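*Asks:* In case you want the letters, here they are:
Protein chains: 2
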Amino acid sequence: MSNHTPTNNAEAIAELRNLLGDRLSTGSSVLEIHSHDEAHTTPALPDAVVFPDNANEVSGILKICSKHGCPVIPYGIGTSLEGHIVPHRGGISVDTSRMKKVLSVNEKDWDAVVEPGVTRTELNEALRTSGLMFTVDPGADATLGGMAATRASGTNTVRYGTMRENVLALEVVLPDGQIIETGTRAAKSSAGYDLTRLFVGSEGTLGIMTKLTVRLFAQPETVSAATCVFDTIEQAVDAVIMAKQMNIPMARIELLDELQMKGMNLYNPDMPMPEKPHLFLEFHGTEAGVAEQVSMFESVCEEFNASDFKWASKTEERNRLWQARHNAYYAGKALRPGCDGLVTDCCVPISSLAQCIAKTKKLIESSNLIAPLVGHVGDGNFHLLILVEPGNKEELQRANDLAGSVSQLALEFGGTVTGEHGVGLGKRKYMEDEHGAAYALMGVLKKAIDPNNIMNPGKLVTVN
Amino acid sequence: MSNHTPTNNAEAIAELRNLLGDRLSTGSSVLEIHSHDEAHTTPALPDAVVFPDNANEVSGILKICSKHGCPVIPYGIGTSLEGHIVPHRGGISVDTSRMKKVLSVNEKDWDAVVEPGVTRTELNEALRTSGLMFTVDPGADATLGGMAATRASGTNTVRYGTMRENVLALEVVLPDGQIIETGTRAAKSSAGYDLTRLFVGSEGTLGIMTKLTVRLFAQPETVSAATCVFDTIEQAVDAVIMAKQMNIPMARIELLDELQMKGMNLYNPDMPMPEKPHLFLEFHGTEAGVAEQVSMFESVCEEFNASDFKWASKTEERNRLWQARHNAYYAGKALRPGCDGLVTDCCVPISSLAQCIAKTKKLIESSNLIAPLVGHVGDGNFHLLILVEPGNKEELQRANDLAGSVSQLALEFGGTVTGEHGVGLGKRKYMEDEHGAAYALMGVLKKAIDPNNIMNPGKLVTVN
Numbered sequence: 067m068s069n070h071t072p073t074n075n076a077e078a079i080a081e082l083r084n085l086l087g088d089r090l091s092t093g094s095s096v097l098e099i100h101s102h103d104e105a106h107t108t109p110a111l112p113d114a115v116v117f118p119d120n121a122n123e124v125s126g127i128l129k130i131c132s133k134h135g136c137p138v139i140p141y142g143i144g145t146s147l148e149g150h151i152v153p154h155r156g157g158i159s160v161d162t163s164r165m166k167k168v169l170s171v172n173e174k175d176w177d178a179v180v181e182p183g184v185t186r187t188e189l190n191e192a193l194r195t196s197g198l199m200f201t202v203d204p205g206a207d208a209t210l211g212g213m214a215a216t217r218a219s220g221t222n223t224v225r226y227g228t229m230r231e232n233v234l235a236l237e238v239v240l241p242d243g244q245i246i247e248t249g250t251r252a253a254k255s256s257a258g259y260d261l262t263r264l265f266v267g268s269e270g271t272l273g274i275m276t277k278l279t280v281r282l283f284a285q286p287e288t289v290s291a292a293t294c295v296f297d298t299i300e301q302a303v304d305a306v307i308m309a310k311q312m313n314i315p316m317a318r319i320e321l322l323d324e325l326q327m328k329g330m331n332l333y334n335p336d337m338p339m340p341e342k343p344h345l346f347l348e349f350h351g352t353e354a355g356v357a358e359q360v361s362m363f364e365s366v367c368e369e370f371n372a373s374d375f376k377w378a379s380k381t382e383e384r385n386r387l388w389q390a391r392h393n394a395y396y397a398g399k400a401l402r403p404g405c406d407g408l409v410t411d412c413c414v415p416i417s418s419l420a421q422c423i424a425k426t427k428k429l430i431e432s433s434n435l436i437a438p439l440v441g442h443v444g445d446g447n448f449h450l451l452i453l454v455e456p457g458n459k460e461e462l463q464r465a466n467d468l469a470g471s472v473s474q475l476a477l478e479f480g481g482t483v484t485g486e487h488g489v490g491l492g493k494r495k496y497m498e499d500e501h502g503a504a505y506a507l508m509g510v511l512k513k514a515i516d517p518n519n520i521m522n523p524g525k526l527v528t529v530n
Numbered sequence: 067m068s069n070h071t072p073t074n075n076a077e078a079i080a081e082l083r084n085l086l087g088d089r090l091s092t093g094s095s096v097l098e099i100h101s102h103d104e105a106h107t108t109p110a111l112p113d114a115v116v117f118p119d120n121a122n123e124v125s126g127i128l129k130i131c132s133k134h135g136c137p138v139i140p141y142g143i144g145t146s147l148e149g150h151i152v153p154h155r156g157g158i159s160v161d162t163s164r165m166k167k168v169l170s171v172n173e174k175d176w177d178a179v180v181e182p183g184v185t186r187t188e189l190n191e192a193l194r195t196s197g198l199m200f201t202v203d204p205g206a207d208a209t210l211g212g213m214a215a216t217r218a219s220g221t222n223t224v225r226y227g228t229m230r231e232n233v234l235a236l237e238v239v240l241p242d243g244q245i246i247e248t249g250t251r252a253a254k255s256s257a258g259y260d261l262t263r264l265f266v267g268s269e270g271t272l273g274i275m276t277k278l279t280v281r282l283f284a285q286p287e288t289v290s291a292a293t294c295v296f297d298t299i300e301q302a303v304d305a306v307i308m309a310k311q312m313n314i315p316m317a318r319i320e321l322l323d324e325l326q327m328k329g330m331n332l333y334n335p336d337m338p339m340p341e342k343p344h345l346f347l348e349f350h351g352t353e354a355g356v357a358e359q360v361s362m363f364e365s366v367c368e369e370f371n372a373s374d375f376k377w378a379s380k381t382e383e384r385n386r387l388w389q390a391r392h393n394a395y396y397a398g399k400a401l402r403p404g405c406d407g408l409v410t411d412c413c414v415p416i417s418s419l420a421q422c423i424a425k426t427k428k429l430i431e432s433s434n435l436i437a438p439l440v441g442h443v444g445d446g447n448f449h450l451l452i453l454v455e456p457g458n459k460e461e462l463q464r465a466n467d468l469a470g471s472v473s474q475l476a477l478e479f480g481g482t483v484t485g486e487h488g489v490g491l492g493k494r495k496y497m498e499d500e501h502g503a504a505y506a507l508m509g510v511l512k513k514a515i516d517p518n519n520i521m522n523p524g525k526l527v528t529v530n
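So the protein lines, in turn, are chains A and B.
All you need for this note's numbering is the position in the first sequence, starting with 1, plus 66.
All you need for this note's numbering is the position in the second sequence, starting with 1, plus 66.
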């Protein structure tokens with residue numbers, strides 16, 4: 067574990083303590099919590115953690131840190147997967163957990179205005195009686211600020227979009243402490259550069275979001291979920307492509323390979339399922355609409371020899387099914403208890419997905435590692451959970467090599483090395499390959515907005 | 067008409083002539099065509115017009131213009147509405163009309179790669195046998211480059227999105243001549259700053275798009291269109307809000323006021339319609355799905371006293387209906403033959419739309435001007451066509467005042483002064499009011515990417 071405390075940071079901390087009193091902490095357990103996310107990145111302690119209550123305080127914090135050239139690391143709830151919130155150069159971790167208000171729910175406009183510390187399940191809890199829902203659902207119960215910062219997505223994205231489509235407007239504090247608003251609550255606009263989309267996915271390197279306006283959707287009248295089993299992954303992927311061609315508006319369509327299913331059986335022994343490639347699906351619509359989607363999808367599956375169709379139309383059964391999917395990470399780990407997990411995040415055009423997965427499987431085989439696969443197959447996005455024995459350096463190296471080869475594969479197929487987890491520290495090394503000359507332009511933007519390079523320095527983009 | 071030819075531009079032209087030969091023109095009729103768009107902006111001649119064939123030539127052009135500090139104005143087909151392509155500081159108009167290739171159509175991935183000079187109807191022509199369609203449909207048959215540059219939308223946006231959602235990736239030539247690629251053909255990505263969305267809507271002020279990857283959708287199995295009549299605009303808007311709350315997936319829902327209907331009757335005397343507020347609608351889906359949508363929508367309309375329901379399920383009838391809607395601009399002008407038209411472009415949260423339109427109507431009344439109204443009501447976006455006698459300065463002033471008041475109204479209701487036309491020259495004066503401190507950040511970005519301010523200078527954003 068590394069740590070850095072230049073004198074400048076100490077001066078910044080003194081001023082921050084004046085501003086925030088006991089909402090600044092240098093207690094060792096607080097520093098430890100803010101030293102790591104859920105990734106395999108080497109942890110690093112911040113010099114202090116601050117807990118602002120509002121945008122004005124965030125502005126005050128950034129003015130102080132700007133003056134002293136002190137690094138600032140925005141922190142949501144610590145569930146990122148590429149070391150985004152690790153203070154690898156020390157500095158101040160800005161924890162937004164006290165900014166948790168749902169400020170408004172606009173039922174006619176299908177939007178809500180929230181503070182960045184609200185988590186996705188907290189927002190949906192607040193929406194329960196409105197007939198509306200917030201759809202983006204990464205594996206973790208992340209904060210909306212963190213989800214916007216990493217341009218997160220999830221199992222519903224195939225129908226309802228990622229954070230890119232679901233953040234309408236932002237309040238952002240810039241590195242110099244200026245508070246700006248980007249976008250409006252109007253459904254569309256051609257009024258200048260799309261600053262909202264620039265901050266979404268910027269991973270705290272350009273400023274701190276202090277308010278988000280997010281898009282909501284109507285809760286569907288009827289929901290039906292299902293699982294079905296295929297002989298091969300190719301057949302499962304081809305079934306999804308055909309279902310898309312037939313315009314079936316799938317709300318969720320998730321792929322799990324035979325190894326992942328084995329892990330799920332170990333993790334949930336009371337819910338045994340065949341250890342073969344599965345699709346987990348969900349359909350939303352009117353009663354008649356869902357019935358039609360289901361029957362269309364069944365005809366697709368017949369074509370590809372799917373079997374063991376199981377429908378879950380009761381809410382309880384459905385929740386159990388999706389909880390099992392959301393727990394895929396832990397279920398995968400059950401294949402090798404006590405191990406660490408390294409997660410990959412390729413996303414390719416769906417036409418290349420089956421081929422990309424086939425090549426990935428060969429790479430896994432020759433790596434001699436255990437790596438179950440789950441995928442948001444409707445988006446062409448899939449994850450490996452590469453299992454690694456803690457402390458086994460040689461194995462970690464092999465796991466990193468495998469992750470690197472799989473990332474290169476995604477690029478060869480015209481895709482991206484990260485569909486939804488983001489760049490952070492872990493994916494920086496692929497950025498040049500993925501973006502070419504455009505990566506330098508990202509550096510130009512970073513430098514223009516954050517000339518002192520205080521905002522989450524060294525993440526996403528490297529500036530001189 | 068103003069004109070500027072600094073010596074630098076003459077030197078640039080000499081070098082450009084070496085590069086492009088007779089694909090550089092200074093002929094007066096060519097200059098005239100590139101001096102204006104469809105707006106009321108004062109025309110201004112470029113010093114020369116160039117017709118590049120590919121990205122390498124565009125790169126060569128920008129290197130030369132960069133060296134000489136010569137303004138560059140990207141030109142699609144001249145249908146913009148805010149003076150975007152007017153060379154008000156002279157310089158080189160870069161006409162992309164020779165870059166017209168549909169480079170690939172990826173039927174499994176639902177995307178196409180095109181050059182910027184392809185128009186929306188040309189792309190759909192190329193897609194006809196693929197079962198796919200490109201959905202963004204502004205009034206004019208604009209080029210895709212122009213549509214991306216202004217973040218255009220149209221009648222289908224309520225279901226299929228604007229250019230913001232429908233451009234997946236770009237090839238862009240930066241002001242210094244560097245060619246970059248932004249984004250990939252993957253459905254989503256978290257790999258760094260969203261450069262694609264930064265260039266979409268940047269109106270040629272940051273670079274020139276030379277290739278676009280756009281999203282396609284499956285042509286619906288069944289389409290049904292309709293018109294219906296309301297006693298008041300409020301009732302029409304409330305019907306749309308209720309239909310949205312009921313989750314009816316309307317593909318198009320357009321509002322036309324009584325005055326606009328009068329103009330349409332003058333323009334299409336063989337298609338007479340009641341001169342009262344109308345909704346024009348379209349439903350897409352399976353046969354059963356469309357039937358269900360239609361019956362749900364009829365129940366909504368009953369609630370709001372709609373009458374004169376007319377269904378058009380034959381392709382020919384539908385085309386006639388939507389052609390009439392697309393000709394709204396000319397139909398509006400028929401109310402006062404020989405007049406000029408000044409078009410407004412407010413977009414507000416839909417919950418405020420009825421109130422915003424009611425206030426707009428009062429402003430029209432007290433202005434003593436004729437101004438029919440059409441609206442993409444599902445998006446909260448509406449246009450006035452303010453009719454002005456050519457050469458009547460007092461009346462033009464009144465029209466500008468009315469447009470200004472309506473724009474302010476949009477801001478008071480939390481909306482935007484331009485839902486889909488863009489900023490250009492005409493809307494710059496509202497940018498400070500709409501964006502506040504965020505407008506200065508746009509200037510920072512412009513300066514970082516185009517430090518010599520050669521790209522469409524003076525449009526969208528003003529830099530020092």
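Hints are computed from structural coordinates only; laboratory data are not their basis.
Any given hint might turn out to be false.
Copies of the same chain look alike in the list, so a pair counts if it fits in one copy or across any two.
[As the list claims (entries may be wrong)] Straight line, CA to CA, 20 Å or less: simulated SDA-like cross-link-like pairs of lysine to any residue:
1) Lys513 with Gln244
2) Lys174 with Met308
3) Lys174 with Pro315
4) Lys310 with Gly227
5) Lys174 with Met312
6) Lys174 with Glu369
7) Lys174 with Arg194
8) Lys310 with Arg194
9) Lys174 with Glu455
10) Lys399 with Glu461
11) Lys167 with Pro286
12) Lys399 with Asn74
13) Lys495 with Ala390
14) Lys513 with Asp242
15) Lys310 with Arg225
16) Lys399 with Glu188
17) Lys428 with Pro286
Only a predicted model underlies this, so the values are computations on that prediction, with no experimental measurement involved.
*Asks:* Determine for every hint whether it applies to the structure shown.
*Replies:* For each hint, the structure was consulted:
Taking the shortest alpha-carbon separations for Lys513 and Gln244, both the intra-copy value of 16 Å and the inter-copy value of 19 Å come in at or below 20 Å. With identical chains, the CA atoms of Lys174 and Met308 are at most 20 Å apart between copies only, with a shortest distance of 9 Å across copies and 35 Å within one. Proximity of Lys174 and Pro315 under a CA criterion of 20 Å is satisfied inter-copy only: 16 Å between copies versus 24 Å inside one chain copy. Proximity of Lys310 to Gly227 under the C-alpha cut-off of 20 Å is found in both arrangements, the shortest distances being 15 Å within a copy and 18 Å between copies.
For the identical chains of this complex, Lys174 and Met312 are inter-copy neighbours only, at 11 Å across copies versus 32 Å inside a copy, given an alpha-carbon limit of 20 Å. When the C-alpha separation of Lys174 and Glu369 is checked against a cutoff of 20 Å, the pair qualifies only between copies, where the shortest distance is 17 Å, while the shortest distance within a copy is 42 Å. For the homomeric pair Lys174 and Arg194, the shortest alpha-carbon distance inside one copy (15 Å) is at most 20 Å, but the shortest distance between copies (37 Å) is not. Only between protomers do Lys310 and Arg194 lie at most 20 Å apart by alpha-carbon distance; the minimum there is 18 Å, versus 30 Å within a single protomer.
In the homo-oligomer, the alpha carbons of Lys174 and Glu455 never lie at most 20 Å apart, since the shortest distance is 52 Å inside one protomer and 40 Å across protomers. Only within a single protomer do Lys399 and Glu461 lie at most 20 Å apart by alpha-carbon distance; the minimum there is 16 Å, versus 74 Å between protomers. In the homo-oligomer, the alpha carbons of Lys167 and Pro286 never lie at most 20 Å apart, since the shortest distance is 26 Å inside one protomer and 42 Å across protomers. Taking CA atoms no more than 20 Å apart as the test, Lys399 paired with Asn74 passes in neither setting, with 42 Å inside one copy and 66 Å between copies.
When the C-alpha separation of Lys495 and Ala390 is checked against a cutoff of 20 Å, the pair qualifies neither within a copy, at 33 Å, nor between copies, at 54 Å. Taking the shortest alpha-carbon separations for Lys513 and Asp242, both the intra-copy value of 13 Å and the inter-copy value of 18 Å come in at or below 20 Å. For the identical chains of this complex, Lys310 and Arg225 are neighbours both inside a copy (11 Å) and across copies (17 Å), given an alpha-carbon limit of 20 Å. In this homomeric assembly, Lys399 and Glu188 never come within 20 Å of each other (Cα to Cα): the closest approach is 27 Å inside a single copy and 52 Å across copies.
For the homomeric pair Lys428 and Pro286, neither the shortest alpha-carbon distance inside one copy (41 Å) nor that between copies (39 Å) is at most 20 Å.
This entry does not satisfy hints 9, 11, 12, 13, 16, 17, going by the numbered hints stated previously.
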